[in-house]
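Guided by the hints, dock chain B onto chain A, whose structure is given.
Just so you know, the sequences run in chain order A and B.
Reminder that position 779 of the first sequence reads as 779 in this note's numbering, one-by-one numbering, no gaps.
Reminder that position 260 of the second sequence reads as 1621 in this note's numbering, one-by-one numbering, no gaps.
Please keep in mind that the hints were generated in silico from the structure rather than gathered at the bench.
None of the values given here were measured: they were computed from a predicted structure.
Some hints could be false.
If the Cβ cut is set under 7 angstroms, some of the chain A residues that face chain B in the computed set are [stated by the list, open to error]: (1) Ser124; (2) Gly126; (3) Ala128; (4) Ser1230; (5) Ala1304.
Derived DEER-like restraints, expressed as beta-carbon distance ranges [said to hold, decoys possible]: (6) Asp1817(B) with Lys1078(A): 30 to 38 angstroms; (7) Glu1671(B) with Tyr1330(A): 35 to 43 angstroms; (8) Ala1737(B) with Glu965(A): 53 to 61 angstroms; (9) Glu1796(B) with Val184(A): 53 to 61 angstroms; (10) Glu795(A) with Asp1817(B): 33 to 41 angstroms; (11) Lys1475(B) with Lys538(A): 54 to 62 angstroms; (12) Arg207(A) with Asp1817(B): 40 to 48 angstroms; (13) Glu553(A) with Lys1475(B): 22 to 30 angstroms.
Heads up, the beta-carbon is just placed ideally off N, CA and C, and yes, glycines get one too.
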Amino acid sequence: MLNRSTLSLIGLSLMLTGLPVRSQTGAAPQRPPNIVLIMMDDMGYADIGSFGARHIRTPHLDRLAREGTRFTSFYVSQAVCTASRASLLTGSYANRVGLQGALNHTSTVGLHADETTLAEMCRSRGYATAIFGKWHLGTKAIFNPLRNGFDEFLGIPYSNDNSSFHPTQRDMPPLPLYDGERVVETDPDQSTFTRRFTERAVTFIERNRDRPFFLYVPHVMPHVPIFASVKFRGKSAAGLYGDVIEELDGSVGTMMAALRKHGLEGNTLVMVLSDNGPFLSYGTHAGSALPLREGKLTTFEGGVRVPFIARWPGHIPSGRASDEPVMTIDLLPTIAELISAPLPERRIDGSSIRRLLLGETKARAPHEALFFYSGDELQAVRSGRWKLHFPHQYLTLDGEPGRDGKPANFGNLKPASIHQSGVAGIATRHGYRVESLDLSLFDLTGDIGEKRNVAAQHPGIVQRLTQLADAMRQELGDALTGTKGRGVRQAGQQLALAQAEQLFLEKIATTLTLKCQTCHGEDGAAGLDLRSRESLLKGGQRNVGLVSGNAEESPLYLALLGRDGFKQMPPGKPLPGDLIATFKQWIDAGAPWLEQRAAAPAPAAKEKWPYEENDVWAFRPVKRHAVPAVKTAQRAQTPVDAFILQRLNHNAIEPAPQADRVTLIRRATFDLHGLPPAPEEVAAFVRDPLPTPKAFERVVEQLLASPRYGERWARHWLDVVRYADTAGGSNDYERPHAWRYRDYVIRSFNSDKPYDQFIVEQIAGDELDPNRTENLIATGFLRMGPWEHTGMSVEAVTRQEWLDDVTHSTVTAFLGLTMGCAKCHDHKFDPIPAKDYYGVQAVFATTYFEERSADFLPGENISRAAAHNAQWQPRLESIERKYDAVALALGKKPRRKGVAQPASNTPVELPPQTELKRTDPKQIENLELERAYMRRVAMLHLAHKRFAPLAFSVVSGGKEKTPAEETFLLTGGNLSARGERVAPAVLSAPAIVQRRLNIANLELPVLPRTIENRRLGLARWIADRDNPLTSRVMVNRIWQTHFGKGLVETSNNFGKLGKRPTHPELLDWLAMHFIESKWSMKQVHRLIMNSAAYQRASQYPETKQHHGNFSAKADPDNRLLARFTPRRIEAEVLRDSLLMVSGELNWEMGGPGGFPELNQDLVAQPRLIMGTVAPAYEASLAKADRNRRTIYCFQQRSLINPLLEVFNGANPNESCEFRRTSTIAPQVFSLFNSRFSADIALAFAKRLETMAEDRARQIELAFQLAFQRTPTRREQQQTLAHLAAMTAHHRAHRPAPFAERLPALAAINSEYSGETFRFTEDQDWSRYEYNLHPSQVSAQTRALAEVCLALINANEFIYVY
Amino acid sequence: MKRENIDEQMVASRRHFLLNSAMGFGSMALSALLAREDFADSGVRIPHSAFNEAPLAPKPPHLPAKAKACILLLMDGGASHIDTFDPKPKLRELHMKEFVKERTKFVSNMESGKRYYVASPFSFIRASNGMEICEHFSHVAECVSDICFYRGGQADSVNHPTALYHLNTGNMFGTEPAVGAWATYGLGTVNQNLPAFVVLPDVIYPQGGAPNWSNGFLPPHFQGTPLRATGSPILDLEPQPGVTKEAQRRNLDFLGELNRQHQQRHPNQPELAARIEAYELAFRMQTEIPGVAEIERESAETKQLYGVGEKETDAFGRRCLLARRLVEKGVRFVQVYSSGWDSHDDIAAAHKNRMHAVDKPIAGLLKDLKRTGLLASTLVIWAGEFGRSPDNGVRGGLVYGRDHNPKGMTIWFAGGDVKPGIVGATDDIGGSAVEVVHPLRDIHVTMLRLLGLDDDRLRYLHNGRQMQLSQFGGQVIEEILGGLRNG
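Chain A extracted, bound-state conformation (with noise of 0.2 angstroms):
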């Protein structure tokens, strides 16, 4: 009976659930009920005292079914985890959704994402939402609960046995404890689960006070293995089962009390109910559904039908019991109702029981019946009283139930694989039995038990029920009968795809490019064609190609295996067998073509996240971090050095003092130059009254300030770029004028320009401002690999290779990461998806090469034009002269004009009739030298070009503005093979990272997809403040070459393979300081030389070496930089030396590279281009233009001058992170032996000479000039007897005579005879201004450049301190 209040609260809940309807009569606006959704796991029908338990004590849920009403014949859609759930939260019968049995950890199905959950439903009417337990709709990323409508989530994916927990399976992963998205636990303590999920229902509830919230609480207990936590253990009077149930009850209270405090009790609806019944085999660990038959995974009522309590204090009744059959599938459309929610637009199975929850008197169950499925059976049907079983097979108890969490029969398990689905599968895991029912009827009116057999006794009724589970079949399927249902719909299967792509991807489309198509493509052999999805469906001449999800019904899969009559393919030897494996996965999967796809979702990276935190550190925010405080005792100059000292005194490793300042200042000179410093420069330091940290200062600053510094540091920038003044490939073309980038770069450092403007201007300067010379000459950035187009490669194949080559550039130079990878496939160490790849590809795939008009600027050198011109122009005329002389012979063209042509000059007509025999040497010999002049003239116009107001650069779209190119992701990296279209992107990475450790929702932005700005879009992502890579990657390089290691080790790889930073909060503060003083690099080396750290010695003093050696022993490799680490100077630096202490030096900037000595043998050496062989090297006629710096020689990919080849130069074809110190016998060679060191050596000779006429003095000058200090008094009188015997020796031994530069020899084997062709060089050396010859000079000069090249051979020369 209802009392008067409640009548006329529900006729208020009418009116609440009408929302619409109030606004329109201008109501308050009330706020919807919170929904508050408790599931257990596996509790048996009669394990809480309302419905029978009379061992366990549920106070807690006594209550609830006091202040609300219990639903006695409650059921779930099907008596396990996975479906049950999926029923309860779409309102569809499990096997409507795809989603039967329950999942496990190997599980690549899930809840699909087009179904609408519970949760989604409450969210668009604006609740919070929240999931805080088990899952269970999917175990793999994509099936998140995020994904599906809740804002939270902690809790486990699958089931607790799914652990090393599991009584029968071995193998089974740690059990992951989520929240959100994260892992934050592996198997975490199941004791703590009731209580933590508990926890965070009332903080929820707390945080959501004031909002309308869903709560969904599915706890993983009393699911085996069960858990009870101290404060229950022991309690009950049930044993641990006991306890784990009246913990979840205390649980129950603990969140009723929680509303109560909130004042939001009255206005929450509570439910609570179980996912099926007990799971009799545990025994002593599962519950009970007395008096129902059987429990958990059959279809009887002790698996079906479980208790269910509602609350709603004015709405629904207090202390009722309906016994109207319903199921978890209304419970979603009820809701709907409550909320004024929107029904799914899929259709459902379930019916609002809105009436009959609010106790209305005449209300009824919707539903004419309901139906029990067992995976894909249709076992049983229930309409009004009546349940009748078709004939199956269900799982009994095998023997004894088991105890203390072991199964029934555990000694005699031999449990089948988890793969094995299905009745057979569980028994064997779980300890049943099968058993087979015949066509069953039972009246549960009278019997509850489903003992009595009634079907005989009412054939009318087994007949109505037969034709309601018809209809049913017709719709949902039933395995028992073979009947598909046609409102099946298909699970989640993402994942699957995704992976099966994945294999696509990296092995299939690979080896059917490889193994299959050479074959089997285009008219393919048998009338097969493996090129695509759709002719590989279609198949060939007798079968079809393949079966969409079925390797086993495909020939593609049968021919690998050389089975069922298919022939072995590919002939020969067959495929190895875990690819012909993965075949199988692929076709199983779906057979998923690349090119098939849609555009997904962007960003594409969000579907994977095989990550570890501390791998993608560099993808997480550059953080402020507070300077650490250190003792004042230590020197801390710069805020560096707090955080160097504060892991030095972590690690208790003392720090070296300050080194000296003659050290000091080589140091700093090398480091800011790329040079020693003069001896006068080395004395006003040391002579500098002001405390040495002050007056280094000042050094730094003067240093920074001369344009030596922009000439040193544009070096580490063109290490990375790959700078070179030619082409690379056959020919090796000269790039003109590729020196303007060179000196752009020069410029920009001096000027200290903004590090994100110098980002800007070379990835889209011309798309920033095409009218400003420098941004056009910046963009030569985007050309600088070495990249080659001939006669003999390919159009399509070229272009590709400059676009894999600008993607893996531009994204190794500004954010420290490797690109190849991605490729062909998802990187599989970093973020980077191939998707991501093609992405940043397509934001150069409307760049096109161009020569772009370019005004010199006032600071561009080109004094020397004039004798350029001077010089070639002779060159070309005489080449072009000898070309026409050969042409004329041969019958062909000539190319200067006004030159006789041939008398015959018709092209022969094809096809040869006759074999001529070409004997003659004079024709093959003109035909040679056909080719040679040719590709001689080819190179002499483009040196021509050096001085042209021309900038290498490039263009959006070309003159035509050619319509935006697509860009497709090409499988496996393969250009024929081409995938799905792919927008213009940046890399997702660090999106993708903050979002997923909840750090910050950075948005990507979209790039445009016109022909211009793209490149805009993406540099100034780059350049952007919150790239969390540029920043940290451009200070570690500057700190690199400070300190000789990068903080982060890989400079170019910041990725998982990468190094870690060494200080890492260090490297942030570095960045943050970086961004904040508006992008300044000089300001970074100030920061850096000013600190302590690096101004320290790099060893200590004597003494302290016999207290152990501190940083040496506890810190060989000088991570946490206690000291200086000595370090050899590098290759440029080296020459650039050797050029100043000898004075031989030119100091000129800029301009066209000059062309130094190199090593004559290897001048001499003949290379073969491209059909003919090279013009040799020549060196500069001008001895002042040999002797640059080296940043201003000419770099010929094909030709490293051999002394900066040897001492780690850096290879131009390839990004240099770092440049690496080998000691290497051949080094002797070229720095003992060469032409090049006795040059110097002799130069020094006789500059010392100039300097002092006294021998001491020369020694002395000497050793100041190539050390920076006095000999020791030792050294003096070694260095003076050393003299003395070299003066006698060369007294008696003349040097070799003078002999004067020959025009150089060419050879090749030749094409047209197969012998040996030779001739000579078109070359002028008359001109050319000889280096000082020892046989121009005294026994005593010889003597003391002997002196000489033994100190510019010395480690003293060549070691910075």
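Only chain B this time, still in chain A's reference frame:
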């Protein structure tokens, strides 16, 4: 991939000194190595010690293998398989008939225009094993019982430098280590006074030049050292003309004195010692290398075997003989170039001359290695960067040759544990391999396998990626292996 593994390769900082020291020595290492030059053959395993970590110290192979050294004979330009070791009689029927190929966007200019089938201008002789070999390879034909002719190989590039880079380094861009660099990285070398990896170029360096024997990203110890036929065999090996050995020695001593005093002031700098030692080693190499290069020391009979002294064969014969001398002295890997095989035009003359230039020297090398017992431990490989096409365009209406063909080529192997015979086949016009078809990377993996190296284990961490010769793994062509098969 295990993290420790990476760290081991990356950091190695404790070994910093040794890794960075000269051709496989640290001061303690060198004497030990010189004293035990032959240990690699003695089966003695060097206990774990510092010198074991020197970059060029001999290392045991990953897998059992007979070959300890490799001589790679490179026919620069791309020798025609059709005209040498893979005759195609069918082409005689088709000769000068028009060859039609559909034009797609993946075709280069070279392949455009009207094209005709071209028969081989050469006759073929039958070798002792029944195989037909070009008449101009009659000396090599005498050695067929030692050779495995592999006709299933396929390259990717139709361009000389990229194809040659691919063959030599596994990568088409000339930025990665050559096979010889990988082999010496994996096996070290037994003679520390000679470069481990030597290159014997023809009169002209091949297209693409030095990257063909580059150490790539490996430390420079593994770089191929070209030994020049004339002049100083190694750049700047000798002091400047007019500087006597005596003067050089005295100056070296003076330098040593300066360095020692400097070292006393910087006692914790092992690199300084390494550099001092490098000067001493260089001095010794100055003596040793010219000695090895001195082939006049060989008997007249041996020189005659290689064709040394005969006009046509002298140059290549000297290189082959030098290759044997180097291998004998413990050099691990030798590239020997013969250039001029790019016969687009007048293949009859050009290929004939090329074959004459190399036939006797190659046969001499095989015979010499065999009679001295070195063939069992020396893998000899003959290859061009690609094969040649069965068809040809008409180039100026002159005489016909053949264009590039990466899809069909012959590579042959001898020595070590190679199984003699014929493996694989091309189609009946030699256009493309059709049996036992393998890409170059499988050939590389097989080469390494024959030297006892496992491509999947021979890796080097570079720019955050584990690099390997095959780029991303390959498979051994088992058919080429003799006793190693399934081993």
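Going through the hints against the structure:
Annotation: interface hint on Ser124(A) violated; nearest CB of chain B at approximately 45 angstroms, more than 7 angstroms. Violation of the interface hint for Gly126(A) is found here, the shortest Cβ-Cβ separation to chain B being roughly 47 angstroms, above the 7 angstroms cut-off. Because the beta carbon of Ala128(A) sits about 41 angstroms from the nearest beta carbon in chain B, more than 7 angstroms, this interface hint is broken. With its C-beta approaching chain B no nearer than about 6 angstroms, Ser1230(A) sits inside the 7 angstroms limit, and its interface hint holds.
The interface hint given for Ala1304(A) is violated, since its Cβ lies 13 angstroms from the closest Cβ of chain B, which is over the 7 angstroms cut-off. For Asp1817(B) paired with Lys1078(A), a C-beta distance near 49 angstroms fails the hint of 30 to 38 angstroms. Take Glu1671(B) and Tyr1330(A): their Cβ atoms lie about 42 angstroms apart, and the range 35 to 43 angstroms holds. Between Ala1737(B) and Glu965(A) the beta carbons are some 57 angstroms apart, a value that agrees with the proposed interval 53 to 61 angstroms.
Look at Glu1796(B) against Val184(A): about 57 angstroms separates their beta carbons, and that is inside 53 to 61 angstroms. For Glu795(A) paired with Asp1817(B), a C-beta distance near 36 angstroms keeps the hint of 33 to 41 angstroms intact. At roughly 35 angstroms, the beta carbons of Lys1475(B) and Lys538(A) sit outside the given window of 54 to 62 angstroms. Checked against the hint of 40 to 48 angstroms, the C-beta distance between Arg207(A) and Asp1817(B) comes to roughly 53 angstroms, which is inconsistent with it.
Under the hint 22 to 30 angstroms, the C-beta atoms of Glu553(A) and Lys1475(B), about 47 angstroms apart, miss the expected range.
Checked against the numbered hints given earlier, the structure breaks hints 1, 2, 3, 5, 6, 11, 12 and 13 and satisfies all the rest.
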